Amino acid sequence: DPKIIQKPKYLVAVTGSEKILICEQYLGHNAMYWYRQSAKKPLEFMFSYSYQKLMDNQTASSRFQPQSSKKNHLDLQITALKPDDSATYFCASSQTGGQNTLYFGAGTRLSVL
Amino acid sequence: GQQVQQSPASLVLQEGENAELQCNFSSTATQLQWFYQSPGGSLVSLLSNPSGTKHTGRLTSTTVTKERRSSLHISSSQTTDSGTYLCALNYGSSGNKLIFGIGTLLSVKP
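Protein sequences, first through last, are from chains E and C.
So the mapping is simple: the working numbering equals the position in the first sequence, first residue as 1, plus 157.
So the mapping is simple: the working numbering equals the position in the second sequence, first residue as 1, plus 4.
No wet-lab data here; the hints were simulated from the structure.
Incorrect hints may appear among the rest.
From the structure, some residues in chain C lie toward chain E, with a derived Cβ separation under 10 Å [to be verified]:
1) LEU47
2) SER49
3) LEU90
4) PHE104
5) GLY105
6) GLY107
Listing some non-contacts, in silico: residues in chain E with all C-beta distances to chain C over 12 Å [as the list claims (entries may be wrong)]:
7) SER174
8) GLU175
9) ILE179
10) ARG220
11) GLN224
12) LYS227
13) ASP232
14) GLN234
15) ALA237
16) PRO240
These figures come from a predicted structure and were not determined experimentally.
Glycine included, every Cβ here is placed at the ideal spot set by N, Cα and C.
Kindly generate the complete structure, drawing on both the sequences and the hints.
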């Protein structure tokens with residue numbers, strides 16, 4: 158059974174709309190992350206959270222807003238979607254207190270038309 | 005900013021052959037990890053090797069920090085090894101802020 162659940166697996170959106178990508182982890186980790194993989198580009202770090210608090214934000218645009226309603230949840234809200242936002246978004250988690258093994262979810266593939 | 009370059013971009017092997025994948029990075033980091041990304045897209049951590057040599061199963065990673073390079077050797081390749089191998093450096097002071105390379109696409113033929 159997958160320990161990091163991302164929903165939905167595929168998402169199609171129109172330009173200008175808003176979507177929420179869901180992530181729940183059942184590994185008992187306190188650190189959660191979002192990474193993005195666009196076509197023909199490396200995986201790119203977006204955000205890190207520790208104990209539900211934002212630790213690092215490498216996303217220039219405020220259109221991307223993580224939301225942590227519970228300690229094992231880190232959703233990603235994206236507003237005013239653009240075609241350039243099309244990518245696979247990966248949620249990940251790890252233990253805190255150092256650079257521990259990172260576990261990834263299966264990703265949400267977002268297409269913006 | 006930090007850069008991670010991987011070579012070759014792609015590699016085709018016959019089953020049973022060995023693979024050597026390279027990773028070069030622009031500045032040293034506290035941790036270097038190798039990941040496997042399946043054709044379906046999911047990612048799995050293979051090895052963490054900031055320096056020296058590490059083995060796990062058929063995988064051997066050698067990192068020479070002062071030369072800013074790491075290699076991943078896959079011995080006796082199998083068709084199930086097909087996928088993309090990613091090198092990532094951790095520049096976070098705590099936690100996992102990884103900078104990834106674009107990967108090496110490995111295809112192992114039966």
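Structure-based check of all given hints:
| no. | hint | verdict |
| --- | --- | --- |
| 1 | LEU47 | holds (4 Å) |
| 2 | SER49 | holds (5 Å) |
| 3 | LEU90 | holds (7 Å) |
| 4 | PHE104 | holds (4 Å) |
| 5 | GLY105 | holds (6 Å) |
| 6 | GLY107 | holds (7 Å) |
| 7 | SER174 | holds (24 Å) |
| 8 | GLU175 | holds (24 Å) |
| 9 | ILE179 | holds (17 Å) |
| 10 | ARG220 | holds (21 Å) |
| 11 | GLN224 | holds (19 Å) |
| 12 | LYS227 | holds (19 Å) |
| 13 | ASP232 | holds (19 Å) |
| 14 | GLN234 | holds (21 Å) |
| 15 | ALA237 | holds (26 Å) |
| 16 | PRO240 | holds (20 Å) |
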